[in-house]
Amino acid sequence: MEGSVGRPGMSGTRRPSVLPRVGLVAALALLLAVPALPVSSAAAPARPASATVDTAVGLSAVVYWNGVDISTAGSASSAFSIGSNSQVNVRYFWNSTLRGVTFDLNDARLAMTYFGFALSTRDVPPIASGNFTNGSFFMNWNVGAIEYVLAGTFLLTATLFSASGANVWSENFYVHLVPPDAVLAIIPILLIIIVAWELYAVARSGRQAALKKGPAAPPPSSAPGAAPPPPGNPPAGGNPPPSGGSPPASETPPTGGAP
Amino acid sequence: MSAASYGAESGAVIGIAFVLLAQQFGYLALDTLLGAIEYLVIAAIVGGVLFGLLGWALGRRYLRNHPNEQGPAS
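Chains as they are written, first to last, in this note's numbering: chain A, 1 to 259; chain B, 1001 to 1074.
Just so you know, these hints were derived from the structure itself, not from any lab. All C-beta atoms in this analysis are idealised placements derived from N, C-alpha and C, irrespective of residue type, glycine included. Worth double-checking, as some hints may not be accurate.
Label-pair distances were calculated between CB atoms; the ranges are [what the hints assert, rightly or not]:
hint, chain 1, residue 1, chain 2, residue 2, range
1, B, L1053, A, S71, 43 to 51 Å
2, B, F1025, A, A203, 23 to 31 Å
3, B, I1037, A, N134, 36 to 44 Å
4, A, S71, B, E1038, 25 to 33 Å
5, B, T1032, A, I193, 26 to 34 Å
6, B, I1045, A, I189, 37 to 45 Å
Examples of chain B residues toward chain A, derived with CB under 10 Å [as the list claims (entries may be wrong)]:
hint, residue
7, G1007
8, A1029
9, G1035
10, I1042
11, I1045
12, G1055
13, R1060
Far from chain B, by Cβ distances over 10 Å, these chain A residues were calculated [as the list claims (entries may be wrong)]:
hint, residue
14, T102
15, P125
16, A128
17, N131
18, T133
19, A151
20, T153
21, N167
22, P180
23, I194
24, E198
25, A210
Chain A with its partners taken away, still in its complex shape:
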């Protein structure tokens, strides 16, 4: 039952099962989940907060992405666009909404997630540590080496942490990474090659199945003294005889059969 017909254009080799190919695509997806190197930081000029988003009791904060509130990019369709080698000024502003209540925030984080894993995480300390009723964090963020590997829309999470490490505020937004120099990144190129190869395999599936099934008409059992087969039989795997020709003399008719 197991034939020797392999992938299209590779007669004589066994066609691998679907698991290695699915595994290859899954490995590509997992490759994207490898944490990236942290990106460099630099201080940015201060900017007063002009809007607030209440997400925690007694604390409100707002984050600006190049001067634009990240709450405007809360869906994939309204994602911020960032190109290659682009530096983004990310500014966190927070304040206490309760009179006399202070907070000790010592960490602001910006994390890019993909498949639920942190693809890139960046942390910055506050300008001044201690208990305050308001404060700010400044971060210079760029994509880093990821831009050469993958592109597309990604979820970023801006988070503020207290001195005890508790998450006191967070907000999600989306960013669309544009590949550098209008050239596709590595992963999309690999995926396009895989899709093209599989489409070619589908187009050749009929012939592969026919070849693996073997000859349509089994040769007649040669009795001793029987006449040799007439010359001119088509070679194995060659072109079919012209239509209209007489079928080979056989006791069993050729079976067409479904693939």
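Position chain B against the provided structure of chain A, taking the given hints into account.
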């Protein structure tokens, strides 16, 4: 192995790759693990069924056009 099986195998791979490509070109966001797996599984099933049917049809057509096709000597 039938042509439909070949088509289903390739269709499952094409479906998974299609989802990943849709994310790479910005049409889809695969931010959560369960959501991404859900997309991938659905795409693999849909691709497998569609391309299985396509492979079946291609196999029928090939055998109809090449009734005396023989396998390689091995």
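Each hint, compared with the structure:
Taking 43 to 51 Å as the suggested C-beta distance range, the pair B:L1053 and A:S71 conforms, at roughly 46 Å. With their beta carbons about 24 Å apart, B:F1025 and A:A203 fall inside the hinted range of 23 to 31 Å. Between B:I1037 and A:N134, the C-beta spacing of about 41 Å keeps the proposed range 36 to 44 Å intact. Checking the proposed 25 to 33 Å range against A:S71 and B:E1038 shows it holds: the Cβ atoms sit about 27 Å from each other.
The given range of 26 to 34 Å is respected by B:T1032 and A:I193, whose C-beta atoms sit roughly 28 Å from each other. For the hinted restraint 37 to 45 Å between B:I1045 and A:I189, the CB-CB distance of approximately 26 Å leaves it violated. With 10 Å as the threshold, the beta carbon of B:G1007 comes within range of chain A, its nearest partner Cβ sitting at about 5 Å, so the hint holds. About 4 Å separates the beta-carbon of B:A1029 from the nearest beta-carbon of chain A, less than 10 Å, and the hint is met.
Given the 10 Å rule on beta carbons, the hint for B:G1035 holds: about 8 Å separates it from the nearest Cβ of chain A. Proximity of B:I1042 to chain A is violated relative to the hint, the smallest CB-CB distance being about 15 Å (cut-off 10 Å). For B:I1045, the interface hint is violated, the least distance from its beta-carbon to any beta-carbon of chain A being 12 Å, above 10 Å. The beta carbon of B:G1055 comes within 4 Å of a beta carbon in chain A, closer than 10 Å, and the hint placing it at the interface holds.
Because the beta carbon of B:R1060 sits about 6 Å from the nearest beta carbon in chain A, less than 10 Å, this interface hint is met. No beta-carbon of chain B is positioned within 10 Å of the beta-carbon of A:T102; the least distance is around 34 Å. With a least CB separation of 27 Å from chain B, A:P125 remains clear of the 10 Å interface cut-off, as annotated. Non-interface call for A:A128 relative to chain B: holds, since the shortest CB-CB distance, roughly 33 Å, exceeds 10 Å.
With a minimum CB-CB distance of about 34 Å to chain B, A:N131 clears the 10 Å threshold, and the non-interface call stands. No Cβ of chain B approaches the Cβ of A:T133 within 10 Å, the least distance being about 34 Å, so the stated non-interface status holds. The claim that A:A151 is not at the interface with chain B is violated, since a C-beta of that chain comes within 10 Å of its own (minimum 5 Å). Against the 10 Å criterion, A:T153 falls within the reach of chain B, whose nearest CB is about 5 Å from its own CB.
The beta carbon of A:N167 is kept farther than 10 Å from every beta carbon of chain B, the shortest such distance being approximately 18 Å. A cut-off of 10 Å between C-beta atoms confirms that A:P180 is not in contact with chain B; the least separation is 14 Å. Non-interface status of A:I194 relative to chain B is broken: a Cβ of that chain comes within 10 Å, the nearest being about 5 Å off. The non-interface label for A:E198 is inconsistent with chain B: the shortest C-beta to C-beta separation is roughly 4 Å, within 10 Å.
With a cut of 10 Å on Cβ distances, A:A210 falls inside the contact zone with chain B, its closest approach being about 5 Å.
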